[in-house]
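In order, the protein sequences belong to chains A and B. The numbering of the first sequence is my numbering, which starts it at 1 and goes up by one. The numbering of the second sequence is my numbering, which starts it at 1001 and goes up by one.
These are calculated hints, taken from the structure and not from any lab test. What you are looking at is a predicted structure, and each value in this text was computed from that prediction instead of being measured. Incorrect hints may have been included.
Unchecked claim - Keeping only pairs whose Cα atoms sit at most 25 Å apart, straight-line, the calculated SDA-like set for lysine to any residue is:
hint	chain 1	residue 1	chain 2	residue 2
1	B	Lys1003	A	Thr104
2	B	Lys1003	A	Arg57
3	B	Lys1003	A	Gln44
4	B	Lys1063	B	Gly1016
As the list claims (entries may be wrong) - If you want a taste of the chain B side facing chain A, the calculated C-beta under 10 Å gives, among others:
hint	residue
5	Ile1004
6	Ser1008
7	Tyr1036
8	Gln1038
9	Leu1089
10	Leu1099
Claimed, not checked - Computed beta-carbon distance windows for the label pairs:
hint	chain 1	residue 1	chain 2	residue 2	range
11	A	Glu52	B	Ala1079	39 to 47 Å
12	A	Gly28	B	Leu1062	24 to 32 Å
13	B	Thr1026	A	Glu54	23 to 31 Å
14	B	Tyr1028	A	Pro8	31 to 39 Å
15	B	Asn1053	A	Thr14	50 to 58 Å
16	A	Thr14	B	Gln1072	42 to 50 Å
C-beta: ideal position from N, C-alpha, C; glycine also.
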Amino acid sequence: ETGVTQSPTHLIKTRGQQVTLRCSSQSGHNTVSWYQQALGQGPQFIFQYYREEENGRGNFPPRFSGLQFPNYSSELNVNALELDDSALYLCASSLARVRGGTDTQYFGPGTRLTVL
Amino acid sequence: SQKIEQNSEALNIQEGKTATLTCNYTNYSPAYLQWYRQDPGRGPVFLLLIRENEKEKRKERLKVTFDTTLKQSLFHITASQPADSATYLCALEPGFQKLVFGTGTRLLVSP
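Pulled out of the complex, with its shape left as it was, chain B reads as follows (with noise of 0.2 Å):
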């Protein structure tokens, strides 16, 4: 069956370092991948979109590798800040925009 799998446990690191959150995927083939920020209560807000023919992608702070033969997405927060803290959403589009999503990890990042 297909499944987007994401860490359940909340990721806990001190402020400054970098954070690395996982996204793996089974069954599917997209042609990219999205990562999303949610803070408790409201939508998420796009992040980063990453394509399958792309290895990397930098975005200020943030930095998403995609490696399709692993069938693993990694999301990077580098100089975190407690600002960063929030839940961190890895999406699938397996077709006509709409988004298959991971259950999410919570990241929390101390002063």
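In isolation and in its complexed conformation, chain A is listed as follows (with noise of 0.2 Å):
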């Protein structure tokens, strides 16, 4: 276990509703990265907080926004969901020293959405 935990585990939604997304990163660990994932796909890089503030971002639409917490855990907020939405969506925490600093990322279990 990596003492990533994220929540739901599962959640339905239907098109044009919202979804946030939890993220609570590992003890000690300063920046959260979240990942899609579909099915038979790798994970893609969506965007990357580092104490707090936005750190980079993947090729992802503005309605996916996030949010990093004064004690590191994350959320995901995505609005007016596609059916393309659909997918395990994943967050990694790790320490970096630096902005941009090379560290193992620690990937949680992640959450299942279904866009119907």
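Mind assembling these two chains? They're in different frames, but the hints should get you there.
Written out as structure tokens, the structure reads:
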């Protein structure tokens, strides 16, 4: 177990709705990254938060937004859900000693989102 | 365009044999490469990281090689066991801890 938790584990929404997914990072970690994993694909980077600030974003539209709290937990919000948003959403926490620094990422179990 | 390619077909091997998985990449110059294991419905689990100046890295039954000239990494599991059955992902880090993953290769080890 990595110590990274995510909630909820499963979620079903309808097209056009909004969703919030949550991630608690491993104790002592200051960086959270979010990934989307479609069935049969590798995870795709959505964005990253370092000490409460966005620190890089992948090729995702603005309706994907996030937040990191002072305790380094994080939320991923998706507005105006589309069918293609159905996927496993993963968060990964790590300890970066400087912004953009390198360290092992520890993944949570993911949230399975289904959009009908 | 930038690509990370792993064999999308499942690799079936017998228990006790060595499994070899391939990761090829184009238009990247990674400082290092990582391998992860993912079980169905679970998040990826970090296995090994190899840097560009390292040719080979070992951890127990696992061995990774990294050839920056061929732009290829090989991942070996020796004396494979049914419990090694999973999907194995390779990942590059182009910057700021963003990981770019391949599609993964499913390994099936039969008794």
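Hint-by-hint comparison with the structure:
Proposed proximity of Lys1003(B) and Thr104(A) is supported: the alpha carbons are some 22 Å apart, at most 25 Å. Taken as a hint, the Lys1003(B) and Arg57(A) pair is honoured in the structure, with Cα atoms around 18 Å apart against an allowance of 25 Å. The suggested pairing of Lys1003(B) with Gln44(A) holds, with an alpha-carbon distance near 13 Å, which does not exceed 25 Å. This hinted pair checks out: Lys1063(B) and Gly1016(B) have alpha carbons roughly 15 Å apart, not beyond 25 Å.
Interface restraint check for Ile1004(B): the shortest CB-CB distance to chain A comes to about 8 Å, inside 10 Å, so the restraint holds. Because the beta carbon of Ser1008(B) sits about 8 Å from the nearest beta carbon in chain A, less than 10 Å, this interface hint is met. Against a cut-off of 10 Å between C-beta atoms, the interface hint on Tyr1036(B) holds, since the closest Cβ of chain A lies about 8 Å away. About 9 Å separates the beta-carbon of Gln1038(B) from the nearest beta-carbon of chain A, less than 10 Å, and the hint is met.
Restraint check, Leu1089(B) versus chain A: the minimum CB separation of about 6 Å is within 10 Å; hint holds. For Leu1099(B), the interface hint holds, since its Cβ comes within 10 Å of a Cβ in chain A; the closest pair sits about 6 Å apart. For Glu52(A) and Ala1079(B), the Cβ-Cβ distance of about 46 Å falls inside the hinted range of 39 to 47 Å, so the restraint holds. Between Gly28(A) and Leu1062(B) the C-beta distance comes to about 26 Å, which sits within the given range of 24 to 32 Å.
Checked against the hint of 23 to 31 Å, the C-beta distance between Thr1026(B) and Glu54(A) comes to roughly 29 Å, which is consistent with it. For Tyr1028(B) paired with Pro8(A), a C-beta distance near 35 Å keeps the hint of 31 to 39 Å intact. At about 51 Å, the CB distance of Asn1053(B) to Thr14(A) agrees with the hint of 50 to 58 Å. Separation of Thr14(A) from Gln1072(B) is about 44 Å and conforms to the stated range, judged on CB atoms against 42 to 50 Å.
Every hint from the earlier list agrees with this structure, and none is contradicted.
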